[in-house]
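Each chain is listed here by its residues.
Number of protein chains: 2
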Amino acid sequence: MSARSGGRDARQKLRSDRTVTYLPSLERGLPYMDLLSPDDLLRLHNISMQILEEIGIEFRDDEAVEMWRAAGADVTGQRVRIDRNQLLELVAKAPETITVHARNPARTVTLGGRKTIFTPAYGSPNVLDLEGKRRNATIEDFVNFAKLAYQAPAMHMTGGVLCEPMDIAVPKRHLHMNYSLIRYSDKPFMGAVTSRERAEDTVAMAKIVFGDEFVNNNTVMVSLANCNSPLVWDATMLDAVKVYSANNQAMIFAPFVLGGASTPASTVAAVAQLNAEALAGVAFAQLIRPGAPCIYGQWLATVSMKSGAPMAGTPEICHMNMLVGQLARHYKLPWRCSGSNTSSKLVDAQAGYEAARNMYGALIAGANFVLSSTGYLEAALTQSYSKFMLDAEQMVMFYKLGQGIVMREMDETLDAIRQSEPGSHYLGTEHTLKNFEQAFFVPDLMNHDSFEQWSFAGAKDANTRGRDAAVRALKEYEAPPIDEAIDEELLDFMKRRELVIGDAVL
Amino acid sequence: MSARSGGRDARQKLRSDRTVTYLPSLERGLPYMDLLSPDDLLRLHNISMQILEEIGIEFRDDEAVEMWRAAGADVTGQRVRIDRNQLLELVAKAPETITVHARNPARTVTLGGRKTIFTPAYGSPNVLDLEGKRRNATIEDFVNFAKLAYQAPAMHMTGGVLCEPMDIAVPKRHLHMNYSLIRYSDKPFMGAVTSRERAEDTVAMAKIVFGDEFVNNNTVMVSLANCNSPLVWDATMLDAVKVYSANNQAMIFAPFVLGGASTPASTVAAVAQLNAEALAGVAFAQLIRPGAPCIYGQWLATVSMKSGAPMAGTPEICHMNMLVGQLARHYKLPWRCSGSNTSSKLVDAQAGYEAARNMYGALIAGANFVLSSTGYLEAALTQSYSKFMLDAEQMVMFYKLGQGIVMREMDETLDAIRQSEPGSHYLGTEHTLKNFEQAFFVPDLMNHDSFEQWSFAGAKDANTRGRDAAVRALKEYEAPPIDEAIDEELLDFMKRRELVIGDAVL
Chain A
1 MSARSGGRDA
11 RQKLRSDRTV
21 TYLPSLERGL
31 PYMDLLSPDD
41 LLRLHNISMQ
51 ILEEIGIEFR
61 DDEAVEMWRA
71 AGADVTGQRV
81 RIDRNQLLEL
91 VAKAPETITV
101 HARNPARTVT
111 LGGRKTIFTP
121 AYGSPNVLDL
131 EGKRRNATIE
141 DFVNFAKLAY
151 QAPAMHMTGG
161 VLCEPMDIAV
171 PKRHLHMNYS
181 LIRYSDKPFM
191 GAVTSRERAE
201 DTVAMAKIVF
211 GDEFVNNNTV
221 MVSLANCNSP
231 LVWDATMLDA
241 VKVYSANNQA
251 MIFAPFVLGG
261 ASTPASTVAA
271 VAQLNAEALA
281 GVAFAQLIRP
291 GAPCIYGQWL
301 ATVSMKSGAP
311 MAGTPEICHM
321 NMLVGQLARH
331 YKLPWRCSGS
341 NTSSKLVDAQ
351 AGYEAARNMY
361 GALIAGANFV
371 LSSTGYLEAA
381 LTQSYSKFML
391 DAEQMVMFYK
401 LGQGIVMREM
411 DETLDAIRQS
421 EPGSHYLGTE
431 HTLKNFEQAF
441 FVPDLMNHDS
451 FEQWSFAGAK
461 DANTRGRDAA
471 VRALKEYEAP
481 PIDEAIDEEL
491 LDFMKRRELV
501 IGDAVL
Chain B
1001 MSARSGGRDA
1011 RQKLRSDRTV
1021 TYLPSLERGL
1031 PYMDLLSPDD
1041 LLRLHNISMQ
1051 ILEEIGIEFR
1061 DDEAVEMWRA
1071 AGADVTGQRV
1081 RIDRNQLLEL
1091 VAKAPETITV
1101 HARNPARTVT
1111 LGGRKTIFTP
1121 AYGSPNVLDL
1131 EGKRRNATIE
1141 DFVNFAKLAY
1151 QAPAMHMTGG
1161 VLCEPMDIAV
1171 PKRHLHMNYS
1181 LIRYSDKPFM
1191 GAVTSRERAE
1201 DTVAMAKIVF
1211 GDEFVNNNTV
1221 MVSLANCNSP
1231 LVWDATMLDA
1241 VKVYSANNQA
1251 MIFAPFVLGG
1261 ASTPASTVAA
1271 VAQLNAEALA
1281 GVAFAQLIRP
1291 GAPCIYGQWL
1301 ATVSMKSGAP
1311 MAGTPEICHM
1321 NMLVGQLARH
1331 YKLPWRCSGS
1341 NTSSKLVDAQ
1351 AGYEAARNMY
1361 GALIAGANFV
1371 LSSTGYLEAA
1381 LTQSYSKFML
1391 DAEQMVMFYK
1401 LGQGIVMREM
1411 DETLDAIRQS
1421 EPGSHYLGTE
1431 HTLKNFEQAF
1441 FVPDLMNHDS
1451 FEQWSFAGAK
1461 DANTRGRDAA
1471 VRALKEYEAP
1481 PIDEAIDEEL
1491 LDFMKRRELV
1501 IGDAVL
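Protein sequence lines, in the order shown, are assigned to chains A and B. Residues in the first sequence are numbered consecutively from 1, following the numbering used here. Residues in the second sequence are numbered consecutively from 1001, following the numbering used here.
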């Protein structure tokens, strides 16, 4: 009886612990898995260098082209050919690790080297809502996902475009997204990239929160620049880079791999191309501000021969991630990939298979910044409440997997085994009672009951349990404190900017 | 137009290829991921040796105990303490790789070293049937799963107890299972282990198929001996080992890890114990016949603190597999683990998450014999038709993942990239048309259509698609040829044995 009530107390303690537990940046305890020999790595690197030297890459922005010309690159129209020595010199200026400050210092995270952080999905115009209905996302959804990300122990950032609040006009949308990310969570967030002005607004809002000097000397945001693959950086993205890099804010340079469409139909060739694209982006940021924090990154899909649609979690994506990881380590750059991706329309077995396989691949490959860790459906077109909750729990498991084993357990091993006789069991041993909680993670949303217990409790599938958990979390949500003066200043800034942007744009 | 019709022809070719394609043993193209330094590996090994030397292990079978006594081990009652020198000498006699012959030589497979094979789930008393109903399994289900395993390109064996045909009395059940495995597929199969007589019947049936001498000199079966953890090998299992090892047939020695119950609540300690158990089993087989083929193996679960239930796909299981892989390579033994495990009662997102994470872990760890690759639900209590089909396709993807990258793709990379302009695409390039099919795997049962296409096609979830695929496969099934005389002799053997076993046992 005492053992049983001890278990109950322990469970209660665990539950109350869980509501306040935030996991710091993951410190990798697994070895790396390098697919390439040092010679082959060099060969792949050389191909990327040849791409940039011989084919070149387009910077479709006059200002950017002028910067490259001034820096001595070979420029013809918008085509920029970059010599490998110049490129590598620039890339070497980017820091190997980045500390991203949160408005609550306890939520500040570091990525790069052996450190990894997880972030929710990005950019979906739709949600699969709490009634299981697929519809356009709204600002209410956006706020909800910010609240869920705040509560998720393994989410290291609140996120960026958690979903597109389609009920707010595009020119004003970033203001409301930024405000929600700042107000409803105290973790680091991602900035707007859809125009220079919106990036400037984002930096201005960050300065309200952190102060001008702090923002100028530290990194408080990570923003995402997608490459228009193959081999194009467009003006919109470059404008955002100019603002953020000048302000010392981190940029992800993300080639957009649709294997067979935006890259050749080859795992190796796709990586050779994305490597050229990402490095050119990182180098450009160094032209703006030497030492600007950069994340080498990509979005990876292979294309279905049947439908032309992007696919997630395929073997080739796992291989690409492994290759990218090895290259990024070679260049000493933090790198990004996507996590719990799926093409599924539902939170069904496909969603589970693809999300888990994709995310396991990202972890094995050693990504430092995992975007789309939670909620992702339909190749990013839909954000699901249920999958957000399920994925968020999966990410705690991936976190623990990534930490590796606890070697000090070896010291107690022989003693632990002596506490049970052959043919007996360990359930009541001193070692078990002392170690059970820490030794093995018990997920809440994965159901391990017997068929009978599970049936009696309503025979709920994972999708239903995920939705229930989202409802519960939103009910239990308590906003983190914010300085009232800062809050008012943010609201005032938004009001002023909305007046300038005007109703005409609606 | 010509490109499009080329694509259509190619798709048709692919489909017709798919029905006849069998994948040979997987040759691993990924590096290994060793969690332990050489020193720590030795330390863990030494703890296992201390367990066997100081605590000992019980062989609950007089004949086995006498064999150990005769071999010079320290025996007290049924407790056998084995000196590490003796143990390692015996273990070294077991072969590093095993070739398992199929009645169709084209389906013969090899496992061990860098070679891996996949096998369906084992032992469930229930099925989730083609109407989605959970019920007791029957011999009709068993035959169906044999047919599905025969057709699955990445299933290297037909399996063993594909499900328990509950409509046939236990004393006769093995005869019908063996016959079905032999008759409805031509891949290698697994043998009965529930008594000495049943193992003998299985060997007798194999001799009908392959001939006495061939069976005596070659391996045509793999059978599974579960250890009664902690530290007990029981008489039933040992009797099966005696029969199979004496006949040169492969045995899996599988400690049954319920972390926290049958082992200490520690990843490292659980592995130290299972290592002692598995090695003692392998050593015992060498007492019977030096050189007997053995597979170092285990079934791994951690126990839920909430319910006492076994859990699949937890981080600690992934760590345990990595440790076991490193140990097995150290002992130069082929090793087994389980693949697509889940505790879910349904083919839902939980089933997908857990199966994929568990299986990815098995692949990364380098298991040579992956049992329970397909169909597994409810911690092995239920075999699902739908999940069988979904998992079978997943295993093709894991196979491709395990093969690693195709380095010769590097030779064509620069040329491939030159075939498209920056900002253009690769869909129609010569390189793409030549390589699309081989470059990227396109699963059939994972849906990558747009939401609209998918809705129009009936909005089927993965579970429904899996069930449809099972119905289709059973309809399309064509039995592999079998020599009529052999078939008659098998049926005659069964009839004679059933008469001996008698109706009384029913």
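In case anyone wonders, no lab produced these hints; they're calculated from the structure. Fair warning: there could be bad hints in the mix.
[Stated by the list, open to error] Calculated pairs, EDC-like style, for lysine to aspartate or glutamate (alpha carbon to alpha carbon, straight line, at most 20 Å):
(1) B:Lys1306 to A:Glu452
(2) B:Lys1133 to A:Glu430
(3) A:Lys306 to B:Glu1430
(4) B:Lys1306 to A:Glu63
(5) A:Lys306 to B:Glu1197
(6) B:Lys1172 to B:Glu1197
[Stated by the list, open to error] Derived Cβ-Cβ restraints for the label pairs, each shown as a range:
(7) B:Lys1306 to A:Met407: 24 to 30 Å
(8) A:Met407 to B:Pro1105: 44 to 50 Å
(9) A:Gly502 to B:Arg1408: 56 to 62 Å
[To be verified] Some chain A residues judged to face chain B by a derived CB distance under 10 Å, without partners named:
(10) Gly123
(11) Asn126
(12) Tyr331
(13) Met359
(14) Phe398
(15) Glu421
(16) His425
(17) Ala469
All values reported here derive from a predicted model rather than from experimental measurement. In this text, a Cβ means the ideal position worked out from N, Cα and C, and glycines have one as well.
Structure-based check of all given hints:
1. Of the supplied pair hints, the one linking lysine 1306 (chain B) and glutamate 452 (chain A) holds, its CA atoms being roughly 16 Å apart against a limit of 20 Å.
2. In summary, the hint linking lysine 1133 (chain B) to glutamate 430 (chain A) is not supported, as the alpha carbons are separated by about 43 Å, beyond the 20 Å threshold.
3. Among the hinted pairs, lysine 306 (chain A) with glutamate 1430 (chain B) is consistent with the structure: their alpha-carbon atoms are about 19 Å apart, no more than 20 Å.
4. At most 20 Å may separate the alpha-carbon atoms for a hinted pair to count; lysine 1306 (chain B) and glutamate 63 (chain A) exceed this at roughly 61 Å.
5. A distance of roughly 52 Å separates the Cα atoms of lysine 306 (chain A) and glutamate 1197 (chain B); the hinted pair therefore is violated under the 20 Å criterion.
6. This hinted pair checks out: lysine 1172 (chain B) and glutamate 1197 (chain B) have alpha carbons roughly 11 Å apart, not beyond 20 Å.
7. Checking the proposed 24 to 30 Å range against lysine 1306 (chain B) and methionine 407 (chain A) shows it holds: the Cβ atoms sit about 28 Å from each other.
8. Remark: the range hint 44 to 50 Å for methionine 407 (chain A) to proline 1105 (chain B) is upheld by a beta-carbon distance near 47 Å.
9. For glycine 502 (chain A) and arginine 1408 (chain B), the Cβ-Cβ distance of about 58 Å falls inside the hinted range of 56 to 62 Å, so the restraint holds.
10. Of the supplied interface hints, the one on glycine 123 (chain A) is violated, with its beta-carbon coming no nearer than about 16 Å to a beta-carbon of chain B, more than 10 Å.
11. With a cut of 10 Å, the hint placing asparagine 126 (chain A) at the interface with chain B holds, because the nearest CB-to-CB distance is about 8 Å.
12. Because the smallest distance between the Cβ of tyrosine 331 (chain A) and any Cβ of chain B comes to about 19 Å, over 10 Å, the interface hint for this residue is violated.
13. Checking methionine 359 (chain A) against chain B: minimum C-beta separation of about 8 Å stays under 10 Å; hint holds.
14. For phenylalanine 398 (chain A), the suggested interface contact is upheld, since its CB lies about 8 Å from the closest CB of chain B, less than 10 Å.
15. Annotation: glutamate 421 (chain A) was flagged as interfacial toward chain B, and the flag holds, the nearest CB pair being 8 Å apart, inside 10 Å.
16. Among the interface hints, the one on histidine 425 (chain A) holds; its C-beta lies about 5 Å from the nearest C-beta in chain B, closer than the 10 Å criterion.
17. With its C-beta approaching chain B no nearer than about 13 Å, alanine 469 (chain A) sits outside the 10 Å limit, and its interface hint is violated.
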